[in-house]
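S.K.: Start from the sequences, fold in the hints, and give me the full structure.
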Amino acid sequence: MVEFLDESRMLMFALLRSFRKITIFLFFVLLLTIFLGSLMYFFEFRTNPAFSSIPQSIYWAIVTITTVGYGDIAPVTAMGKILASFIMILGYAIIAVPTGVLSASMVKTTKFLQAQVKCPHCGVVGHLRDAEFCRKCGGNLKENKEQGEK
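The numbering of the sequence shown is numbering that gives the first Met the number 0, which starts it at 0 and goes up by one.
One or more of the hints may lead you astray.
Label pairs and their in silico Cβ distance ranges [what the hints assert, rightly or not]:
1) I33 - N139: 58 to 66 Å
2) F26 - K80: 23 to 31 Å
3) G137 - I88: 54 to 62 Å
4) A49 - Y91: 20 to 28 Å
5) T46 - K107: 49 to 57 Å
6) T66 - I23: 20 to 28 Å
In silico PhoX-like links for lysine-lysine, alpha-carbon gap of 20 Å or less [unchecked claim]:
7) K107 - K20
8) K135 - K117
9) K141 - K117
Treat the hints as calculated values from the structure; they're not laboratory data. Think of the CB as a built atom: it goes at the ideal place given N, C-alpha and C, for glycine as much as any other residue.
M.R.: This is the structure in structure tokens:
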């Protein structure tokens with residue numbers, strides 16, 4: 000398990016870096032779900048007793064947009080079916096956005112971690128580029144760079 004600690008640390012950094020973006024996106028999805036559920040209620044409430052209230056319609060929108068699809072409520076009007084089709088396709092796009100945000104953050108984190116310096120004295124990796132001394136042995140990390148410049 001110890002060998003996977005670096006990967007879990009990288010995942011945690013990526014999650015923390017993308018937390019704000021994902022939170023804003025989830026808030027947008029929540030508003031979109033409320034709007035689409037209310038719109039579905041408008042199309043279906045006269046002809047379909049399953050859409051008896053706006054909260055019931057929002058429940059249907061959440062089940063549909065998350066691609067769970069219990070099937071306990073289904074639209075019967077043409078406009079309801081068109082809107083349902085749009086929401087189903089939108090559900091797949093909504094799954095892809097946070098995945099892309101997190102993946103981009105993980106790539107940034109990986110590049111950052113790969114840019115770290117290895118100690119020439121003890122071989123420990125994990126020093127930032129601007130570090131002057133090794134955190135383990137105290138050796139000068141800039142020593143080799145200065146000698147290489149001379």
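S.K.: For the pair we were handed, K141 and K117, check the Cα-Cα distance against 20 Å.
M.R.: holds, 11 Å
S.K.: Note whether the CB distance of A49 and Y91 lies within 20 to 28 Å or breaks it.
M.R.: Between A49 and Y91, where Cβ atoms are some 24 Å apart, the hint holds.
S.K.: Does the Cβ pair F26, K80 satisfy 23 to 31 Å?
M.R.: holds, 28 Å
S.K.: Is 49 to 57 Å right for how far apart the beta carbons of T46 and K107 are?
M.R.: holds, 51 Å
S.K.: Can you confirm whether the C-alpha distance between K107 and K20 stays at or below 20 Å?
M.R.: holds, 15 Å
S.K.: May I ask you to test the hint 58 to 66 Å on the CB atoms belonging to I33 and N139?
M.R.: With a Cβ separation near 60 Å, I33 and N139 satisfy 58 to 66 Å, so the hint holds.
S.K.: Range hint 54 to 62 Å: satisfied by the CB atoms of G137 and I88?
M.R.: Hint holds: Cβ distance 59 Å, inside 54 to 62 Å.
S.K.: Given the range 20 to 28 Å, decide if the beta-carbon distance of T66 to I23 lies inside it.
M.R.: holds, 22 Å
S.K.: Next pair to validate is K135 with K117; report whether the Cα-Cα distance is within 20 Å.
M.R.: holds, 11 Å
Hint check: no violations occur; every hint is consistent with the structure.
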